[in-house]
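S.K.: As a plain string of letters, each chain reads:
4 protein chains.
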Amino acid sequence: MSSTYGENLKLSIFGQSHGAGIGMTLDGIPAGLGVDLEALQAFLDRRAPGQGDWSTPRKEADKPEFLAGIVNGFTCGAPIAAVIRNTNTRSGDYENLKDCPRPGHADFTAQIKYGGFQDAAGGGHFSGRLTAPLCIAGGLCKQWLEEAGIRIGAHIIQIGEQTASRFDPLQPQLDQVGNFFPTLDADSADRFQAAIAAARTQGDSIGGMIQCAITGVPAGLGEPMFGGVESRIAQIVYGIPAAKSVSFGIGEETATLMGSDCNDAFAVADGKIVTATNRCGGILGGITTGMPVLFTVAVKPTPSIAKPQTSVSLSQMAQTQLQVKGRHDPCIVPRAVPVVEAAAAIAVMDMLLGNTQTTRRK
Amino acid sequence: MSSTYGENLKLSIFGQSHGAGIGMTLDGIPAGLGVDLEALQAFLDRRAPGQGDWSTPRKEADKPEFLAGIVNGFTCGAPIAAVIRNTNTRSGDYENLKDCPRPGHADFTAQIKYGGFQDAAGGGHFSGRLTAPLCIAGGLCKQWLEEAGIRIGAHIIQIGEQTASRFDPLQPQLDQVGNFFPTLDADSADRFQAAIAAARTQGDSIGGMIQCAITGVPAGLGEPMFGGVESRIAQIVYGIPAAKSVSFGIGEETATLMGSDCNDAFAVADGKIVTATNRCGGILGGITTGMPVLFTVAVKPTPSIAKPQTSVSLSQMAQTQLQVKGRHDPCIVPRAVPVVEAAAAIAVMDMLLGNTQTTRRK
Amino acid sequence: MSSTYGENLKLSIFGQSHGAGIGMTLDGIPAGLGVDLEALQAFLDRRAPGQGDWSTPRKEADKPEFLAGIVNGFTCGAPIAAVIRNTNTRSGDYENLKDCPRPGHADFTAQIKYGGFQDAAGGGHFSGRLTAPLCIAGGLCKQWLEEAGIRIGAHIIQIGEQTASRFDPLQPQLDQVGNFFPTLDADSADRFQAAIAAARTQGDSIGGMIQCAITGVPAGLGEPMFGGVESRIAQIVYGIPAAKSVSFGIGEETATLMGSDCNDAFAVADGKIVTATNRCGGILGGITTGMPVLFTVAVKPTPSIAKPQTSVSLSQMAQTQLQVKGRHDPCIVPRAVPVVEAAAAIAVMDMLLGNTQTTRRK
Amino acid sequence: MSSTYGENLKLSIFGQSHGAGIGMTLDGIPAGLGVDLEALQAFLDRRAPGQGDWSTPRKEADKPEFLAGIVNGFTCGAPIAAVIRNTNTRSGDYENLKDCPRPGHADFTAQIKYGGFQDAAGGGHFSGRLTAPLCIAGGLCKQWLEEAGIRIGAHIIQIGEQTASRFDPLQPQLDQVGNFFPTLDADSADRFQAAIAAARTQGDSIGGMIQCAITGVPAGLGEPMFGGVESRIAQIVYGIPAAKSVSFGIGEETATLMGSDCNDAFAVADGKIVTATNRCGGILGGITTGMPVLFTVAVKPTPSIAKPQTSVSLSQMAQTQLQVKGRHDPCIVPRAVPVVEAAAAIAVMDMLLGNTQTTRRK
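In order, the protein sequence lines correspond to chains A, B, C and D.
Quick note on numbering that gives the first Met the number 0: the first sequence kicks off at 0 and runs consecutively.
Quick note on numbering that gives the first Met the number 0: the second sequence kicks off at 0 and runs consecutively.
Quick note on numbering that gives the first Met the number 0: the third sequence kicks off at 0 and runs consecutively.
Quick note on numbering that gives the first Met the number 0: the fourth sequence kicks off at 0 and runs consecutively.
Treat each hint with caution, since some may be false.
With a Cα cut of at most 25 Å, we get these calculated DSS-like pairs of lysine-lysine [claimed, not checked]:
1) D:LYS271 x C:LYS97
2) D:LYS306 x D:LYS324
3) B:LYS62 x D:LYS306
4) C:LYS97 x C:LYS306
5) B:LYS97 x B:LYS306
6) D:LYS306 x D:LYS97
7) C:LYS324 x C:LYS306
8) C:LYS271 x D:LYS62
9) A:LYS306 x A:LYS324
10) A:LYS62 x C:LYS62
11) A:LYS97 x A:LYS306
12) B:LYS97 x A:LYS271
13) A:LYS97 x B:LYS271
A few chain D residues that don't get close to chain C, going by computed Cβ distances all over 12 Å [claimed, not checked]:
14) ASP35
15) ASN95
16) CYS99
17) PHE107
18) ARG150
19) ASP186
20) ALA193
21) THR214
22) ALA266
Partial pick of chain B residues on the chain A-facing surface, computed with a CB cut under 7 Å [what the hints assert, rightly or not]:
23) PRO102
24) GLN142
25) ARG190
26) ALA266
27) THR301
If you are wondering where the hints come from, they were derived from the structure by calculation, not from laboratory data.
Ideal Cβ positions, reconstructed from N, Cα and C, are used throughout, including at glycine.
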């Protein structure tokens, strides 16, 4: 389908960047789960713009109003629905984007698909703004997973040519990730911010890579074949605009190794079965091993840049130069970090709800 | 769910490695599509073992019997069902794998998930053998897509440390891929086969990377967010055992670039809109641009190796040494090439069937 | 799942009777379909209360606000989202319904299912009020179907012991149905209203039966087995609270007949194939014949009645008497008529969107 | 979709009446459930033809071969797949049915939908023979439900104008149903068989009605709106060819009643909450009350009759007379009884698997 996800829960996301509002419906959640709206807002604020030099100074409140599904701080079993009003609607003139599509954006493909009926303003339904309702759903799932001992955290491991340490695959240091700028150490944060600042100064943008870890996940989660953890997580993570690569464990490095270097030996520790290494990212045969689940996401540079670019006029079928107006993030990677966490949380919650046979590792 | 895939078509795969048979049901295919069973067999033979030094000398016929859905060489609108009989059933003693799981395999996770009731013989439902019915479905879809001018081809771009040329992203050279060993040039084929031979000699295995191209795909295919082309392809490709990374276009390289180097400029060529480069892999906003769709898959080394490995005895909760018996592929990558094509074909067919608004590029 | 419907479109309904708002998301609708909001409101008004003696004098505006999916009067391809604010929230004291469930209502089953976390106010998510968002989605689908020459109309054929004429199964008289009270003739309307008035006077309620016709539907719509027209329509119609029977064509009468009296002979009329009679309700093998589709729905009497009833106190596990307070419809059947039309419209739209092979009858 | 069913389990049915084989795949069933193949065969035999005067003397073995999913008498967690070989293939000449469709059959609608590519032999995929794989899946589910204390039984309550007693809605007498001919008492069985014999003698067929009861079902099963028990059961039951009405509890009688006569009062019995009557058929708000679930199905007379009938020649677009050859059941109702049970079992199993919050009534 399109803007829906889930086998056991059903997430439906709606909205256009400059429409009246954006929001989500999350169906299939059991009754009686507590909801901490304050913690949810803190999570949403991590995605909101205007927090640092790396993001657009645009101000968007991103305060969801819950219309249904929560009563007195607990889920009531009915679908959960939330809306964020758009305050910044129809302001700009986006009609020209229908004629002159921005390189790297969905302007052109939306025009082809919807024949001019699409809402072009601000990217419409393809806007990164739609990750806000994704974060509402994911932020809620994250809370419920934490209640069950499952934690999810992501950080930046690359911006342009600059790289940073990855998580310890056996014991991901979730608590060590920076609050202001999400890396494992201050030095990387400085180098990453400097690279972003350089891009901004040049009227350009820059890409990066995010790593996400899920700890406390029980062994035995996931289903065979197309219901495997990799399939379920990749499907939702690729719903995040700008994601161009999703890898598990050591990912592409796996292609370079011999089996004897890639296989994770089994061992016994504290009376339970573990793997001595965790190159597989906590997943074998699509099913969790009980070790941390680890994956990485490559995020392309924001396509909206101040520099002039070559595009075409669709009406005249002729090449033209385009200069994208407005204030855009020189690097979307920091704001994408909580979005990746949200996506992972939704995928794990979905699998847990459908899991009839898995027992938590003791 | 588990071993089912598809929004518009419904693929259901069944079977265990050493059970009575493996097979698939493919529902939702329109009536009147021609089926060339000889061409399908040739496609299946590309996946079958015993074709070169790089694969197990085991002989499996892999001749599907069609039970339903095809009449006089055409689909009849009813679900298509096919079965491959397993000739090699229950021969080995796999009970010990339930106690001593093979590193890198699903033995352990299946044991946890199914509590000892799983079919452990030959990996059961987690066996790579289950890619044979995937190839039946995908081989059929490939034929139908070719009728519609859509071609799909994959090749090997990496084995261990050795690499080969990638497709020209604007005009993938599908016809240049080797028949015997699927690379773009003979030199790479030689180096890759040598690397595989070296691994085999050491009683080890080796990983690699596959690139797949889809040409002739109309612009406008795919749906927003979780229904995007990346999401749909990644979900099914991650259903292939051993896949650990799925990337689109330039994939992880996207993380290293500035926006001005990553965006693909639009241009006019022969009266239609194209992109001057194709770093996005033919997909913007999850929707096809009309340029070739390109993606890469990292395949881990075959976990079954002759070298002794460290595992555990689940009954004794103690570390032990394991030596995997039997004849195993030192490198699964060559046989995975048609499987990746099959997966891509199923995903594209599924999207085409649900596509109400896309017109083929003229 | 739960409050979601559709194979090709995806309808998701949310809200509780006394929550902040109720609404729906309708995903998968093509771009470029015109939306007449005035006509939609007129359709919604048919369901709204306060129109006659037979319905509660409660005033609910039922004015939907569209948050997404419609731009300048046309669908834009993005999910359509609409909300109706509840003005009448949290007013009553419904906590006692958790302890003393109303007979015939979902109070008890919701209590068992959600363990006390359900929103009990006004029936919560089980309220008939949730048919308002169903009518938003269905009212839109009805408009789009009419553009395609498909018309849907329902009328009342029974209230208590009183009955009225059914549609001519070959040429349903959609235009003859009364606007104020939906029957085929004025005499039935009078008798039905008198029966309802009598029930109201007694502090009681009364049930009835609705017949719905769909004309102009192309032959060949529907899928085999569980995707048949009967399956698809019955699933959504049974989502309407109070529906206890769904039958197609002559329905239960079919049990009394011989094959020679039940089969509809084929004939040629105006150069196309028709059936001389239409006992099958326009459906053979789950697939439309091109004749009008006809079905009936039995609607139980409103369970909320003024008369004292026997219930139990769940906390004391003892029998008790219950007198339901508030103003309730003595007969829900008239207001259910547009809801049945809405459900039918959604089901037909869903099937049309997934229909790859059917051509309209010429 | 089409020949697939289920939210939590995934049933996929394939086959044509005269193809190589018919069968099913049942995915999503937990590992470790026992399978009694002998009991399953006894269940399938109840559906098989040739057991009495009322069914065709055709002999079909209907012995399923299990290809996957069951190991040593227990489910192994992998999809369960079974095939029944067709011994009676391609014998007749069915090509003329493509030109001259049988009244009451899917011949015409299949021709329109599949444009002549359909498998017309014996009704193809629309044949009642496809209820055999439905009974394989349903027979298995029935066993597993019985393990959980849930029993399902159906019986005939009407053949033509003759009627029989219904189940006691509070304590359905499942054990009292006749083995040879499924009614509650011998007198009804005699009258029903006489009515069927009369139809056969006239070269005609006759319809009837089946009632099904599900006992031991926990309170709280089912989901709101479109996921309600009525919706889920009706969808699958309408997948049975010839079903034209599906009603719950007292069904259409509900339309004739006042609320005070229709509502089921709550009471306390043996320390648990019950309803004093059970007119609602054990379902309120789509959720089970814990009382027996009851529903009725009207089954139309077999459309294939020996009497000459009026049809058309599609090639000549002219009316013609048709005499259906072959041996057909004069009444399909007795053989449909286990099929209705199978459908109910699959629906209940599906709901149980997705049920995260329901506890069994104590």
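S.K.: Does LYS324 of chain A sit within 25 Å of LYS306 of chain A, going by the straight-line distance between their CA atoms?
M.R.: holds (10 Å)
S.K.: CA of LYS306 of chain D to CA of LYS97 of chain D, is that 25 Å or under?
M.R.: OK: LYS306 of chain D and LYS97 of chain D at ~20 Å, within 25 Å.
S.K.: Beyond 12 Å on every Cβ pair: is that true for ALA193 of chain D relative to chain C?
M.R.: Fine: 14 Å to the nearest Cβ keeps ALA193 of chain D off the interface.
S.K.: At 12 Å, judged by beta carbons, does THR214 of chain D keep clear of chain C as stated?
M.R.: It holds; THR214 of chain D is separated from chain C by about 17 Å at its closest Cβ, greater than 12 Å.
S.K.: Quickly compare the C-alpha distance for LYS97 of chain A and LYS271 of chain B to 25 Å and report which way the hint goes.
M.R.: holds (16 Å)
S.K.: Holds or violated: is the Cβ of THR301 of chain B closer than 7 Å to a Cβ in chain A?
M.R.: holds (6 Å)
S.K.: Can ARG190 of chain B be said to touch chain A, with a Cβ gap under 7 Å?
M.R.: violated (14 Å)
S.K.: Against chain C, does PHE107 of chain D keep a CB gap of more than 12 Å to every residue?
M.R.: violated (7 Å)
S.K.: Check the hint pairing LYS62 of chain B with LYS306 of chain D against an upper bound of 25 Å on the C-alpha distance.
M.R.: Roughly 46 Å separates the two Cα atoms, so the pair is violated.
S.K.: Should the hint that PRO102 of chain B touches chain A count as held when the rule is a Cβ pair under 7 Å?
M.R.: holds (4 Å)
S.K.: Is the hinted pair LYS306 of chain D and LYS324 of chain D satisfied, with a Cα-Cα distance of at most 25 Å?
M.R.: holds (10 Å)
S.K.: Is it the case that ARG150 of chain D keeps its Cβ farther than 12 Å from each residue Cβ in chain C?
M.R.: holds (21 Å)
This entry does not satisfy hints 3, 8, 16, 17, 22, 24, 25, going by the numbered hints stated previously.
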